[in-house]
Amino acid sequence: MSAEIAYPQPYEDEDNAPFLAGWREGKLLLQQSRDGGPLFFYPRPICPYTGSTDLVWREVSGRGKIVSFSLITRPNHPSFNEEVPIILAEVALDEGASLLGRIIGAEAASIASGARLELLPPNEARRYPLPAFRLAA
Amino acid sequence: MTSNIGIAGYGRTTYEKRTTRTLFSFLAEAGRKALDSAGMNFKDVDGLAICSFELPPDNTVTAAEQLGISVSWAYLGTAGSAGPVASIINAKHAIESGQATTVLCIAGDNYDVGGHFKLMDNFSRGLRNYGTPLGFGGANGLFGIIQRKHMETYGTRREDLGRISVDQRRSAQRNEHALLRGPMTIDDYMNARVIADPICLYDCVLPCAGAEAVVVTTLDRAPAGKAVRILSGFERHNHPPMEIAPLRGGWETFAGKLYDKAGFGPRDMDFVQLYDDYPIMVAIQLEDLGFCKKGEASAFLAANSFSWDGSLPLNTGGGQLSCGQAGIAGGLLSVTEAVCQLRAEAGDRQVANARRGLVAGYGMVGYGHGLSASSIILEAVQ
Chain V
12 MSAEIAYPQP YEDEDNAPFL AGWREGKLLL QQSRDGGPLF FYPRPICPYT
62 GSTDLVWREV SGRGKIVSFS LITRPNHPSF NEEVPIILAE VALDEGASLL
112 GRIIGAEAAS IASGARLELL PPNEARRYPL PAFRLAA
Chain H
20 MTSNIGIAGY GRTTYEKRTT RTLFSFLAEA GRKALDSAGM NFKDVDGLAI
70 CSFELPPDNT VTAAEQLGIS VSWAYLGTAG SAGPVASIIN AKHAIESGQA
120 TTVLCIAGDN YDVGGHFKLM DNFSRGLRNY GTPLGFGGAN GLFGIIQRKH
170 METYGTRRED LGRISVDQRR SAQRNEHALL RGPMTIDDYM NARVIADPIC
220 LYDCVLPCAG AEAVVVTTLD RAPAGKAVRI LSGFERHNHP PMEIAPLRGG
270 WETFAGKLYD KAGFGPRDMD FVQLYDDYPI MVAIQLEDLG FCKKGEASAF
320 LAANSFSWDG SLPLNTGGGQ LSCGQAGIAG GLLSVTEAVC QLRAEAGDRQ
370 VANARRGLVA GYGMVGYGHG LSASSIILEA VQ
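Residue numbers (the numbering used here), protein chains in the order written: chain V, 12 to 148; chain H, 20 to 401.
For the record, the hints were derived by calculation from the structure and aren't laboratory data. Among the hints, erroneous ones may be present.
With a straight-line Cα cutoff of 20 Å, these simulated DMTMM-like cross-link-like pairs (lysine to aspartate or glutamate) come out [claimed, not checked]:
no.: 1; chain 1: H; residue 1: K312; chain 2: H; residue 2: E171
no.: 2; chain 1: V; residue 1: K76; chain 2: H; residue 2: E171
no.: 3; chain 1: H; residue 1: K52; chain 2: H; residue 2: E364
no.: 4; chain 1: V; residue 1: K76; chain 2: V; residue 2: E106
no.: 5; chain 1: V; residue 1: K76; chain 2: H; residue 2: E262
no.: 6; chain 1: H; residue 1: K313; chain 2: H; residue 2: E271
Can you build the whole structure from these sequences, using the hints too?
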C-alpha cells in the first residue's frame, strides 16, 4: 500500500455528488429516469436511454459478475505501483447496468470471466475513490 | 457519379521519441511537405483542417494565423484519431459545396510516454472521473478487456493477432520513417513483457512526436500522374451507445454503403491501412469492414500474410506499431502511406500494381472503448 501517494480522485460536481457521497458510505447509487427505463452509469444530467433530465438515484445491491477483465502491471499513476497487477473489470450488475471497477484482495490467477462479485464492505471500501468489488463468498 | 476530388499531395515529418521542437514546427513542416508534393504552396490553400490533441489553447484559426494563410473553411478534428480521415471526408464536402477549393489537412502531436499517460488520464470527463481513479492503465487496460472478451467469445488466439505486429515490422524494415525497425518474430511477440494482460509490449504503440499532412483538392490541380481519387468515405461516433467493451467499432454501420458508393468491395482492395493502436482493433476492423465474418478474424489472420508483399498488404509502412504513434498523426499516417503507395512512391516496400486501397481511422477513447470510427476508399487516377 502506497500510503504517501494519494489515488487520483474524481472531480466532484453537481452531476456526480450524490454518487460520490453514497460511495463514501459504501453504497452504490445509480441513476434512472423518474419515469422508468434502464439504470445507468456513469453519472450525468440526462438519461442516455430516454433523454429525460428528470432523474432519480437508486441504490443497487452491488452484486454482479465479471464480463471481462485486464491485469494491469503498468498503471497510469504511481499511487497504484505497489498494488499491481490492478484487476480492472467490466462488471455487469444484477440490476442491469455495467461499469468498470477494481477487484480487490484476489489473486490474479483466481479471476475469471463470469465470476460473481460483491461490493467491498464499507470499512474496506473507504480508501477507494470509486466503487470497488471482491469475489463473492 | 465518380468524384473529381482527391488527394494531390502528402507530407510526413521525421518521428522523434523525445523532442525539443514545438507542435507548430511539426504541423508546419508536414503541411509544407504535402504542398511541395502537390506542386503547390501555402498561398494555394483556402481551407484548413487540423487534428491534434495538444493544439489547445490554439485551434485551426490560430493555426492559420501561424501559417500566414487566409482561409474560407476551417475544421477542427474532434474524433481523436478517427478525426484525420473524417477531416478528409469533410474537406471533400467543403470543396463540393464551394466553401473551399484546396484544403490542407494536418494531424500531429508532440509527446512521449509520460505525456501519453497524462493525456489519457484527462482524455474526457468520463475517463478522468471514472477511469483514472481506478488505476485503469490508460488505453492498455481498456483494450485488454476488449481483447480478452474477443478471445473468450470467439476463440481468438494471441499467436494470430501477433501476425499483425510481426508482418508490419517486416514492412517497417523498409521504411526509413519507422522508429522501430528491429527484427521481430512471433516468439518475440508471444514472450514480450506483459503490460495489461492480455496486452503485452508488442501489442502497444510507442508514443512519439511527429505530424502528417495531405492536400485535398480537385483532381485537375494534382501533378500529372499523381492524383488519388477519394471514392467514398463515412464516419460514425459513439456506436454502440452504453456498451463498455463492444466487439465492434462502428465501421460495420457504414461498410455496406462505403463499398456501394465506391463501386468496389473488400476483395478489390490492393492494400488496407487500418488503425493499429492494438492488433485486436485491427482484427475487429477486418471483421467490421467485411474482410472476414465477425468472430473469424483469428482464422483469417492465420490464413493470410500482411507485409507489403503479402496476400493482404496491411499498414505497409509498418503502421503505428512500428512507426510510433505521434498522437493524432496516427490517424493520418495511414492516409499518407496509402497515397504514397497509390503514387507508386513506396520504394522497396511498394505493393505491386497498387490501384486502390481502404483506409480506416479509430479513436477518441471514452468510458471503455474508442468512440469514433471512420473510413475512406482511395484509388489511383489512371
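Which of the listed hints are broken here? No hint contradicted; all consistent.
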